[in-house]
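So the chains spell out like this:
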Amino acid sequence: MTLKLKKTLLAAAVALSATGAHAATELTVYTALEADQLKAYSKSFEQANPDVKIRWVRDSTGIITARLLAEKDNPQADAVLGLAATSLLVLKGQQMLQPYKPKGVEALSGQFVDKDETPSWIGMDAWVASICYNRIEAKKHDLPMPTSWKDLTKPVYQGHVVMPNPNSSGTGYLDVASWLQTFGEEEGWAFMDGLHQNIDRYTHSGSKPCKMAAAGETPIGISFAYRGAKLINQGAPIDLGFPSEGLGWDMEAAAIVKGTENLDAAQKLLDWSVTRDANVIYNDSYAVVAMPGVAKPVPNYPADIADRMIDNDFEWAAVNRERILKEWQQRYDGKSEAKK
Amino acid sequence: MSATLTRTGGRSDLDYETWLQRLVVAAGVLFLLVALLMPLLTMLVKSVQNGAGEFIGLSNFVDYFGNPALTRSILHSLNIATWTTLIVVSTAFVFAYALTRSGMVAKKGFRLLSMLPLFAPSLLPALSMIYLFGNQGILKDWLPVDSIYGPVGIVMGLSFWAFPHALMILITAFSNSDARLYEAAKSMKTPPWRVFLTVTLPSVRYGLINTIFVIFTLTITDFGVAKVIGGQYNVLATDIYKQVVGQQNFQMGAVVSVILLLPALISFVVERRVQRHQSAQLSSRAVPMQPQKSPLRDGLLALFCTLTCGFLLLVIGMAVYASFITFWPYNMDLSLNNYRFDMMDGGGWASYFNSLQMSAWTAVIGTTVVFLVAYMSEKIKPMPTARKLLQLLAMLPMAVPGIVLGLAYIFFFNHPQNPLNGIYGTMTILVLNTLVHFYTVCHLTAVTSLKQIDGEFEAVSASLKVPFYTTLRRVTLPLALPSVLDISVYLFVNAMTTVSAVVFLYSAETTLASVAVMHMDEAGDIAPAAAMAVLLMMTSLVAKGLHWLISHQILQRTQRWRQR
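Protein chains in written order, with this note's numbering: chain A, -11 to 328; chain B, 90 to 653.
Keep in mind the hints are simulated off the structure, nothing from the lab.
Don't take every hint at face value.
As the list claims (entries may be wrong) - Which stretches of chain A does chain B cover? Using the computed rule of at least three CB atoms under 8 Å from a CB of chain B, they are:
| hint | stretch |
| --- | --- |
| 1 | 236 to 247 |
| 2 | 257 to 264 |
Stated by the list, open to error - Within a straight-line C-alpha distance of at most 27 Å, the following computed DSSO-like cross-link-like pairs (lysine-lysine) qualify:
| hint | chain 1 | residue 1 | chain 2 | residue 2 |
| --- | --- | --- | --- | --- |
| 3 | B | K470 | B | K197 |
| 4 | A | K284 | A | K80 |
| 5 | B | K229 | A | K127 |
| 6 | B | K382 | A | K128 |
| 7 | A | K128 | A | K138 |
| 8 | B | K196 | B | K470 |
What the hints assert, rightly or not - A few chain A positions that, by computed beta-carbon distances, are all more than 12 Å from chain B:
| hint | residue |
| --- | --- |
| 9 | Q25 |
| 10 | L26 |
| 11 | R55 |
| 12 | N62 |
| 13 | S97 |
| 14 | V150 |
| 15 | G160 |
| 16 | F179 |
| 17 | D188 |
| 18 | A203 |
| 19 | V282 |
| 20 | D292 |
| 21 | I298 |
Remember, it's a predicted structure, so these values are computed and weren't measured experimentally.
Here a beta-carbon is modelled for each residue, glycine too, at the ideal position from N, C-alpha and C.
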């Protein structure tokens, strides 16, 4: 009886661990894309490559970056698609990316591709900071639409602003990195000190501040333009604000994880990521995409957003990422009870 | 007679049996060493290493205590745990008193309602708080503080969730009463308040101390509630999560884990000591007390219980209602939109089915393992030292917070040199982790029921040369069937609702519904998160309902001996 039981248990354990044994290659792709975008991406890729099936692992930028770094010695991902370029630069610094030059990469505009001879990462599109402003709640509290980042430090906004935590959110980090670049380090931190006085809460993800604004939990959320446009299209009573100092942005990019057993399939994914079809899909959500001439206006998304984006130094943002995040955590994380 | 003779003839039979017993005991010890002790030790080692894996002594701890943003969380956690314990234990104390010692009406109903939070993921009350007291909450104006996001929200959410745990222990404590003491007090005309202080309170003091420590441990180690409703109020468990997932700082995660282990270990030791005292309390001549009616007291107690259950129902009802609202608060039409999980974070409907699968495996495999180990440690004779070790290891999981266990599993099972690293990212590691996480209560349940079965059965069987596994199958298992069913439903429900331990361990193919609730909340999709939490609660209730049916229908046949 006992032996039989042990055998059954063993068989069960084997059955449990035997996961993917399918005909098509299963490609594990880590991503920080929004959950509602993933279906369209995998559908288009799998139509072009019926022998490969994508398994998405999705989380916020900081979490996906953390997982990739944690699994450095025992990589679980084959490729990365839709992760902030600043994060991929960190991974590249750790020798974790497999350089590859996708077929047709020449068609992309130069600033979207890693400068190395054989690039380690390929940009897809840019996502851009913006303010989600709930008209109904703002009216209740008599809050004008902020026109500049510095406006947000005014006492009138105290407790009415929510922004993402840069440690977990890529949007949060691009905000912080852009403020430090636009205002300079010293003035940048001083600005954030002021902003911190008005922040109600730092959220885990970059889209949550905008969703909170859309639900009236907070009048103002610092988020990104795509989420705002999407929520407006869903009927949320919000407007998008674009501060005059310029908008921080980051690139979503793709790369192959070094050591993957599915190199061939991973290369196919990169090949797909630079195609016109792929860029058309990116354009459903982003106004600025890697392939010139593809972008058509996205509903409720500002047409002139490219002109408002700051001149972003990705190399600087990647090299200083750890230092900035640490400093940010020391200054603002878990200190909010002092503010009220 | 002749049959016995033929049996005695084969002496090797006996040896085979002893060897089998030794093998199972050894397998049990090995299981708990690999699945519990070694991961924890790996974590301890990580806390004194740097990112490159070099030994750096206590410098991680020095860093930790030099960072006020992190150390403040210790105070926060203590603050939360103290308040919640105070609220929960005092409420549960009165509630348990009402259920056991008063002539109050509708006791069964109150008791049933008070158990409901056991079936909800701890995230559910936190999500409810947003709809009740958030900035768009329906009872926002009742909130005495500025914002529900913070300590007040955490304490309220945790109070909901921890209440039945306190109530269960206190009901047991109050049930052991000796009516003779009360009769003596009455004949001496002792005033009721003195009876309460000198008779009632001392008789439940061990149960009370026990409850205080259990609730304190539960709340200081909680992850889910603080994650959802904590706002900027960081606690130790959320710090571990942030260090690991946000900062990529696994060493610091290990340091915070070690710190979080301390209060849990202290309360574990205290509880063990209390347990030892408790057994001698009730003499065999004690006469169980029959509750007397007293209209005023019973009325007040009924009011108290109504209010308490009202709060529990309000929290659950709010989550259920909000899960059907199209777009809170601007479009209050009812719809099923929030149940369209496939457009959301966390893995969609697949997560729900993964959770079902994981819970079923945990219940089946877990019950088997728990029962076998308990049987071996209670009913057989060989390898006394190994069995002692087994008992000790089986008690340890209670002192290990889920999030700490989860992190320990990453360190141990994702190590490239670990031959078992193939289970990383599979369903197996989730089942293993969940089983170990909830091991102790199951073990205690099994041991208690095995202790009730007379050891003579084994002795007689052995003298009749019936192999132990036949006794186990034909006598012990049928007798212990009620507790076996209890264990399996306990494992199922907890596997459905747990977040803390599995949050580090799921993979793309094994996303879980409880974790999906957290992810949807993180992404700002509060209503779908509430919907998934409601779905998990309903599933757990269905499982419990099935358990009740089976217990009452089938067990009536096997358990007839219990009634006279």
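Q: Mind listing which of the numbered hints don't hold for this structure, in increasing order?
A: Violated: hints 1, 2, 3, 4, 6, 8, 9, 10, 11, 12, 14, 15, 17 and 18.
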